[in-house]
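Full structure from sequences and hints, please.
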Amino acid sequence: MVDIVLKGPGKNALGTPVMQQALEDFRAARGEPVLLRGDGDTFSAGLNLKEIAMLDPDGLTKFLSLFDELVVQILTHDAPVVACVNGHAIAGGCVLMLACDLRVAAAKPSSRIGLNEVAIGLVFPPRVLRLAESRLAPSHLSRVLLEAGLYSPAESYRLGLVHEVADDAEAASRALLAKLAESPRHAYVETKRELNRPSVELSEREVAAFRERVLPMWTSPDLRQTIAMALMKRA
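When we follow the working numbering, the leftmost residue of the sequence shown carries the number 371, and every step to the right adds one.
A hint or two may mislead.
[Said to hold, decoys possible] Simulated pairs of lysine-lysine, DSS-like, Cα-Cα distance not exceeding 30 angstroms:
no.	residue 1	residue 2
1	K377	K549
2	K377	K432
3	K420	K381
4	K432	K562
5	K377	K562
I should point out that these hints are in silico values taken from the structure, not numbers from a laboratory.
The structure presented is a predicted model; accordingly, all values stated were derived computationally and were not measured.
Laid out in structure tokens, this is it:
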């Protein structure tokens, strides 16, 4: 069992160094069950908006490609991966959480979990939509994506964002990971591969749509203004 910890400034915001480290850690843990958690009292507050605000279109393309690579690495890891959601898991942080096989949240009413991209003017990349479709029941999918809410652990459980809420999330996550690791590896890995195939294998049309429609929206002046305002509120 290997612990991979998201650790960085801004409540473990997903900046380039944090994502590169996580990617390297997953590659080093090949074949080993992984517990993914955040440092301190937060899983991850999402993509690093300060870094995004400073990127030109080429830089943003590389940034989002790195995030996409990390999501795929988690989805294709050849052993069980359990997310110990020890606090906020927002936007990109929630995406990484959803990429894990199973998810256990700490029973902290103040924690917030959700995909709030639409509320701040971001368009979901196609892989994130595919992932959400594969993880959430149809009856909850539209609400989670379009309402763009941030939910308590109890509400996240009801919506299917997490599988379990526990007072001791780390102990519960470790127990769950150990249980998953008891299954014959080949059967687990092959079943996981087929379950995650729709999220891993994107069509050429989806990739083209991402480049032609999604990326320009991420670099638009309106979005940059929205990010600037969000950063001012945090200051």
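Hint by hint, here is what the structure shows:
{"no.": "1", "hint": "K377 to K549", "in the structure": "holds, 26 angstroms"}
{"no.": "2", "hint": "K377 to K432", "in the structure": "holds, 21 angstroms"}
{"no.": "3", "hint": "K420 to K381", "in the structure": "holds, 13 angstroms"}
{"no.": "4", "hint": "K432 to K562", "in the structure": "holds, 28 angstroms"}
{"no.": "5", "hint": "K377 to K562", "in the structure": "holds, 27 angstroms"}
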